[in-house]
Amino acid sequence: AQSVTQLDSQVPVFEEAPVELRCNYSSSVSVYLFWYVQYPNQGLQLLLKYLSGSTLVKGINGFEAEFNKSQTSFHLRKPSVHISDTAEYFCAVRPPSGSARQLTFGSGTQLTVLP
Amino acid sequence: DGGITQSPKYLFRKEGQNVTLSCEQNLNHDAMYWYRQDPGQGLRLIYYSQIVNDFQKGDIAEGYSVSREKKESFPLTVTSAQKNPTAFYLCASALTDQPQHFGDGTRLSIL
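Line by line, the protein sequences are chains Y and Z.
Reminder that position 43 of the first sequence reads as 43 in this note's numbering, one-by-one numbering, no gaps.
Reminder that position 50 of the second sequence reads as 50 in this note's numbering, one-by-one numbering, no gaps.
Warning: the hint list may mix true and false statements.
Said to hold, decoys possible - DSS-like, lysine-lysine: derived pairs with alpha carbons at most 30 Å apart:
1. Lys14(Z) / Lys49(Y)
2. Lys57(Z) / Lys71(Z)
3. Lys49(Y) / Lys9(Z)
4. Lys83(Z) / Lys57(Z)
5. Lys9(Z) / Lys57(Z)
6. Lys83(Z) / Lys9(Z)
7. Lys49(Y) / Lys57(Z)
8. Lys71(Z) / Lys9(Z)
9. Lys9(Z) / Lys70(Z)
Hints are computed from structural coordinates only; laboratory data are not their basis.
Treat the numbers as computed from the prediction; the structure is a model and nothing was measured.
Extracted from the complex, chain Z is given alone in its bound form (with noise of 0.2 Å):
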């Protein structure tokens, strides 16, 4: 069955470490996107991309960076500037015109 996946599902973090969370679709979708979940905020889109090679920063980039060489790949890596990261981390895709699809998430804590 074609999906996301999203690995791994709790990641733990300690001060000043940079962690990555994986995004793999087998959906042939040439958007991906990445949000953060805080409760009580909705979804908040940290970035995207529309083709491989390209990626555009959403409304919360700070502290955060990614990377599309393959269509199938979208991985987040939330790094030691972002002082914040304790979230559900979401990934979705998706066909143009098209809604968006999404992973069962990765939630991240801090040591």
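Okay, chain Y solo, but in the shape it has when bound (with noise of 0.2 Å):
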């Protein structure tokens, strides 16, 4: 069985300014990495994933995260953050085979870009 902790349930930060998401994973076997945005009343859209090979991967609008296996972490960055970057981001994870598959998902990190 697999676990995410996301550490953080809300973030404010000014436009602009760096941002780190923090998430945490749990597994006793390895697992693929992904992190979701979902802005209001909508679905969650992929940002970006990790299945292996490099551990920094880069995403859309920006963002980047970095797998650390010693850590069991996948922190979520951006160097510059903008008012649209408002939204909930999602940190989860699943095993890369198996009959289920499944996502498991973290509680999530409420990011607020403020002017």
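Please assemble the complex out of the two chains, which come individually in their own frames, going by the hints.
In structure tokens form, the structure reads like this:
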């Protein structure tokens, strides 16, 4: 079984400042890792994914994340945020193979970008 | 354009009523999923289906039912047995070993 912890439920940040949204996971097997973004009253949109290879993953909208196996973390970063980045962000994991291939989600981090 | 369509966007249910949420995809994905989203709790898996005519319970299946008669369609019925149905419901689909794509959700409220 897997679990995902997003340590911050709310992150306020000023426009053009950098931001880091933290994600830690627990799993007895290797996992694939994902970050999704959700705008109000919409579904989830994939920001980026880590399957294998380089531990630094670049996604859409200028976001990137770094997989750290020893710390079981997959933190999301952006060097300079915009008002339009205000949304809820979800970290998720799933096993690479197996009967279910289900996603396990964290509880989400609400990013609010202030003018 | 391919995608996932959930309808209706807003749905109201009276006490004791069953309601059915629609989810249709034209992405030719084999797997489909239903999630429930409550504030501060992230997404929880209700049911999933990997092939037509087969589906599995997720973590919170009690009070819900599904069917998968066609590859494109995976409707969710919220039965009267579900005591706290007010939530945002999200449908997703995926190809094997690929990330899930999500619909825009249905918000269910109790009158």
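Verification of the supplied hints:
1. Lys14(Z) / Lys49(Y): With Cα atoms ~41 Å apart, Lys14(Z) and Lys49(Y) exceed 30 Å; violated.
2. Lys57(Z) / Lys71(Z): Between Lys57(Z) and Lys71(Z) the Cα gap is close to 18 Å, so the pair holds against 30 Å.
3. Lys49(Y) / Lys9(Z): Satisfied, since the Cα-Cα distance of roughly 28 Å is no more than 30 Å.
4. Lys83(Z) / Lys57(Z): holds, 18 Å
5. Lys9(Z) / Lys57(Z): Since the Cα atoms of Lys9(Z) and Lys57(Z) sit roughly 24 Å apart, the hinted pair holds (cutoff 30 Å).
6. Lys83(Z) / Lys9(Z): Judged against 30 Å, a Cα distance of about 21 Å means the pair holds.
7. Lys49(Y) / Lys57(Z): Judged against 30 Å, a Cα distance of about 26 Å means the pair holds.
8. Lys71(Z) / Lys9(Z): Within the cut-off at roughly 22 Å; holds.
9. Lys9(Z) / Lys70(Z): Cα-Cα ~22 Å, so holds.
Hint 1 alone, counting from the list given before, is not met by this structure.
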